[in-house]
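Colleague: Chain order of the listed sequences is H and Z. Start counting the first sequence at 1; every next residue gets the next number (the working numbering). Start counting the second sequence at 1; every next residue gets the next number (the working numbering).
Fair warning: there could be bad hints in the mix.
Negatives, chain Z to chain H, calculated, CB over 10 Å [as the list claims (entries may be wrong)]:
1. N59
2. P68
3. K125
Derived Cβ-Cβ restraints for the label pairs, each shown as a range [as the list claims (entries may be wrong)]:
4. H:H155 / Z:K64: 29 to 35 Å
5. H:L26 / Z:E89: 25 to 31 Å
6. Z:V40 / H:Q316: 15 to 21 Å
7. Z:D116 / H:L33: 45 to 51 Å
8. Z:S104 / H:G153: 35 to 41 Å
Note that these hints are calculated values from the structure, not bench results. Where is the CB? At the ideal position from N, CA and C, for every residue including glycine.
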Amino acid sequence: MVVYPYIPHTDEDREMMMQAIGIQSLEELYGDLGEDILLSDSVPISQGRSEDEVIRMVESIANRNERGIPFLGSGCYDHIIPSTVDAIASLPSFVTSYTPYQAEMSQGMLQVIYEFQSMICQLTGMDVSNASMYDGANALVEAANICVSFARGKHEVLVSPTIHPFALKVLQTWALGTEHRLVMLPEKNGVCDTSALGGMLGGNVGGVLVQSPNRYGFLEDYTGLSDIIHASGALLCVSADPMSLGMQKSQREWGADIAVGDTQPFGIPLSFGGPGCGYLAVVEPLLRKMPGRIVGATTDGKGNRGFVLTMQAREQHIKRERATSNICTNNSLAALMTTVYLSSVGWLGVKEAAHQCYVKSHYLEENLITLGGVELAWEQPFWCEFPLRFHDTKKMRKFIQELRNEHLFAGVRLQALTRCNEDELVLLVAVTEKRSREEIENYLAGARRVLR
Amino acid sequence: MSEILADRRYSKDHEWVMLRDGKAYIGISDYAQDSLGEIVYVDLPQVGDHLAEGDDFCNIESVKAASPIINPLEGDVVEVNKSLEKNPENLNKDCYGNHLYALSGYSQKAFDALLDSKAYEAYVKTL
């Protein structure tokens, strides 16, 4: 008798079931299919392995990964994650649950989402947040969706050239085959050039999408931007790393109508690049144009506080083709991790982490520049990530390899993201609060050996 | 039983149209408000909009559905019922006393082509 831990039916169970429905063999269940469709040969896959064998097999594959200290960023950052996050997020009732459709039965999950939404509003200064999007790029696309549907006749969106290259690709996918047009703004000295914006706005433009910190890690200045944009009847959307909000202006303070980004920096591990967790928050007048799930707080018949999925008439299962977007789900488990992270560290923790990111990255950058042979690609303010420009690719490769020998991942090659030849000498270096003094000094020691 | 007033005309999409002071007032019938259930939000067109016959730039959201209003008569929006922004439930309470919007520049011929109350009553009976 073969026993599989994940398939609990024994031969006796199968006998009982077959007898109950009056068949002699499992093949009879496929009796309605033609002979020509059924496989006559046995399927060429192996018998299957025990749980222990599978674990060993997967571990041996995982051990082929190269481990190192990541000074890598570009949208996915190695931040400190308190153990409370895993302790709560690994609870079976959270891990195994899907989007609650009999939503009000899952008060615990709804409460978590409500708290997530509340925290996003507090961070960004916006009025309403939804229950999360798949990731930051997805959230940015939904912002574009709002820009072309909040008023009639809008089908153009102005896009900053310094948003993450992958987010731009996702936007392009969204626009492809539709009547929506993406118009790129110019780039100057590593930041979005908004000086010519006035002339580019007009009747068809629904919104402007910008990102700070931008793809190079630079902080951008949006002073006066929202006034110009609002005067033309368009919306402003600002995408921001949520941890950077511990130090830079919130989207609300910039006068933005839509705030988006990815909460990966809050409690979500790198996991080889995903999942992330998108956030999307808006000013109140745009509430009915927001896609995704929204949890609201209310009272039940007995006056007790309870949570519900609210404003559902927005969603596509009710509004169908007239909905803003097709999204009607969220990224619950990732949002839970973010919520637990924020609950554990609090606002002071976010500010402290953001401050350490700033201090540590600037320490590394200053000391690298003094070595000579590298400089900041452009002179712009940055928060935790900066673009290092080398003078020749040979030196750059040597630099990366030397640090790799010390089990340090030096940075992300910009060209790998943009596929542009002119970016081949730029390395994006990120330093988070998790990087210890020893790790940073090792980085500098390796850099010294190559650059001197 | 659905209430139908004799002082106005109707479309098969359950809107009513009443002419007054040179404007065509558009609203929803008793059948419509009853089918929708508790109305929680009305998305009105803007003054100045030009609406063609069949345009759906006005939307009504109830607790269970989101329904477009199929514009029954071509014209220009000169008035919208702002009270519905704060009190959308007025449409349930008094659907004939609350218009959605009013149009100018409509065609009398198009108005005459709409169903009179008897024809609308007969139509509703078939549903």
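Colleague: Next step is simple, just say for each hint if it's right about the structure.
Modeller: Consistency of the hints with the structure:
1. Not every beta carbon of chain H lies more than 10 Å from that of Z:N59, the smallest distance being close to 8 Å; the non-interface claim is violated.
2. Against chain H, the non-interface label of Z:P68 is violated: not every CB pair exceeds 10 Å, the least being about 7 Å.
3. Against chain H, the non-interface label of Z:K125 holds: every CB pair exceeds 10 Å, the least being about 29 Å.
4. For the pair H:H155 and Z:K64, the beta carbons lie near 31 Å from each other, so the given range of 29 to 35 Å is met.
5. In this structure, H:L26 and Z:E89 break the distance hint of 25 to 31 Å, their C-beta atoms being roughly 58 Å apart.
6. At roughly 18 Å, the beta carbons of Z:V40 and H:Q316 sit within the given window of 15 to 21 Å.
7. Taken as a hint, the range 45 to 51 Å is violated for the pair Z:D116 and H:L33, whose Cβ atoms sit roughly 58 Å apart.
8. Take Z:S104 and H:G153: their Cβ atoms lie about 21 Å apart, and the range 35 to 41 Å is violated.
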